[in-house]
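Novice: Hey, can you work out the whole structure from these sequences and the hints?
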Amino acid sequence: MNTPFNLTRNPGPSWGYGFLLWAERWWPGWFFRPMLMAGTWVGLAFMPPQRAHSRAYLAVVLGRPARLGEVWRHFFAFAEFLMFELRAGRGVPVRCMLEPENETAFEALVRSDRPALFGTFHFGGSDLLGYLLGKRGRRVSIIRQRVGNSTDTRLLGARYGAQVSFLWVNDPAHLLFDLKAAIEAGDSLALKCDRLEFSAKSEPFFFLGARRLFPFTIYHLALLFDRPVVFCTAVADAAKDELRIYASPVFTPGPAAEREANTQVARAHFQAVLTQLETLVRQHPFLWFNFLPLNPETPALAR
-14 MNTPFNLTRN PGPSWGYGFL LWAERWWPGW FFRPMLMAGT WVGLAFMPPQ
36 RAHSRAYLAV VLGRPARLGE VWRHFFAFAE FLMFELRAGR GVPVRCMLEP
86 ENETAFEALV RSDRPALFGT FHFGGSDLLG YLLGKRGRRV SIIRQRVGNS
136 TDTRLLGARY GAQVSFLWVN DPAHLLFDLK AAIEAGDSLA LKCDRLEFSA
186 KSEPFFFLGA RRLFPFTIYH LALLFDRPVV FCTAVADAAK DELRIYASPV
236 FTPGPAAERE ANTQVARAHF QAVLTQLETL VRQHPFLWFN FLPLNPETPA
286 LAR
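Going by our numbering, 275 is the number at position 290 of the sequence shown; the sequence numbering is gapless.
Quick caveat, the hints were computed from the structure, so don't treat them as lab data. Every residue, glycine too, gets a C-beta built ideally from N, C-alpha and C. Check the hints yourself; a few may be wrong.
Keeping only pairs whose Cα atoms sit at most 25 Å apart, straight-line, the calculated SDA-like set for lysine to any residue is [claimed, not checked]:
#  : residue 1 : residue 2
1  : Lys165    : Val235
2  : Lys186    : Val154
3  : Lys186    : Leu277
4  : Lys186    : Glu263
5  : Lys186    : Ser150
6  : Lys225    : Thr25
7  : Lys225    : Trp57
8  : Lys120    : Arg212
9  : Lys120    : Pro78
10 : Lys186    : Leu160
11 : Lys225    : Gly24
12 : Lys186    : Pro234
13 : Lys165    : His205
14 : Lys225    : Glu88
15 : Lys120    : Gly171
16 : Lys165    : Phe151
17 : Lys120    : Asn87
18 : Lys120    : Gln148
Ranges between beta-carbon positions, derived for each pair [claimed, not checked]:
#  : residue 1 : residue 2 : range
19 : Met20     : Arg40     : 20 to 26 Å
20 : Arg267    : Glu88     : 20 to 26 Å
21 : Gly48     : Trp26     : 21 to 27 Å
22 : Gly122    : Arg75     : 21 to 27 Å
23 : Trp11     : His269    : 29 to 35 Å
24 : Thr248    : Thr89     : 23 to 29 Å
Specialist: Structure, rendered in structure tokens:
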């Protein structure tokens, strides 16, 4: 099907996701897992840019040069999560456990009929959160980059299609109109807030030992459309098909006339979110699924 924008592709052959789904379903675990481990070494060998970015990131989070085996563990953690996501797409139940911190406020927001902005990151099992919100009865528009061979998106979209739709960042000319239409239709939005490539607004925040630029667009949307913001980060246990979910406090915009005060509160809220994320990243360094350069550092006084 023709689209108005060029599609990038995930690494690997066009038949790769389909083969993994077939193999995971029909091969015994004692055979499939070693094959997935071997395949990870092949991927590591044929993806030098991602390998270099992984090594650079691990050096920061571990505080020392990363060994090759640790880079492989980073790649394999992503392979395990990809299989978790593909299994969820074909109907395997996913058990969600919400951590008690901020649980009450998060559950109250999810149970309410107020549209909200749900932020997350390329970490752990967070890719599944938009779909799981849809399963809870929320109508969710997921903001995502469209790629040419994304079987996980197709399967999960088919499974939760009644509640979940996509807004593609590849087409910036239409994205703002699509965002406005989705919000005015009463949809909640789910978006990731770590990569800068498609972000219109960014600001510096402290993360992994330095002030780094992060997208701040979610808060501009919150102030523009008077929507609450909450972040969720998920640690996946692929062996148990289980997600352990960490919710942030809920940011609710104040009166529109107090825009600067609202912005300052939003900045403090996002810094607290990133502090929680950093704690999880340091506990689970191989679950940071950004095989890209770390968010760039900024001068200490930059704003």
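Novice: Does each hint hold? Answer for all of them.
Specialist: Against the structure, the hints:
1. Lys165 <-> Val235: With Cα atoms ~22 Å apart, Lys165 and Val235 stay inside 25 Å; holds.
2. Lys186 <-> Val154: The given pair, whose Cα atoms are some 14 Å apart, holds under the 25 Å limit.
3. Lys186 <-> Leu277: holds (19 Å)
4. Lys186 <-> Glu263: holds (22 Å)
5. Lys186 <-> Ser150: Measuring from Cα to Cα gives roughly 24 Å; hence the hint holds.
6. Lys225 <-> Thr25: The given pair, whose Cα atoms are some 21 Å apart, holds under the 25 Å limit.
7. Lys225 <-> Trp57: With Cα atoms ~22 Å apart, Lys225 and Trp57 stay inside 25 Å; holds.
8. Lys120 <-> Arg212: Judged against 25 Å, a Cα distance of about 21 Å means the pair holds.
9. Lys120 <-> Pro78: holds (11 Å)
10. Lys186 <-> Leu160: The given pair, whose Cα atoms are some 14 Å apart, holds under the 25 Å limit.
11. Lys225 <-> Gly24: OK: Lys225 and Gly24 at ~22 Å, within 25 Å.
12. Lys186 <-> Pro234: holds (22 Å)
13. Lys165 <-> His205: holds (13 Å)
14. Lys225 <-> Glu88: holds (22 Å)
15. Lys120 <-> Gly171: holds (17 Å)
16. Lys165 <-> Phe151: Satisfied, since the Cα-Cα distance of roughly 13 Å is no more than 25 Å.
17. Lys120 <-> Asn87: holds (21 Å)
18. Lys120 <-> Gln148: holds (7 Å)
19. Met20 <-> Arg40: 20 to 26 Å: Because 25 Å falls inside the window, the suggested range holds.
20. Arg267 <-> Glu88: 20 to 26 Å: holds (23 Å)
21. Gly48 <-> Trp26: 21 to 27 Å: Taking Cβ atoms as reference, Gly48 and Trp26 lie about 26 Å apart, which means the hint holds.
22. Gly122 <-> Arg75: 21 to 27 Å: Given about 22 Å between the Cβ atoms, the range holds.
23. Trp11 <-> His269: 29 to 35 Å: Holds, at about 30 Å.
24. Thr248 <-> Thr89: 23 to 29 Å: For Thr89 against Thr248, whose Cβ atoms are near 26 Å apart, the range 23 to 29 Å holds.
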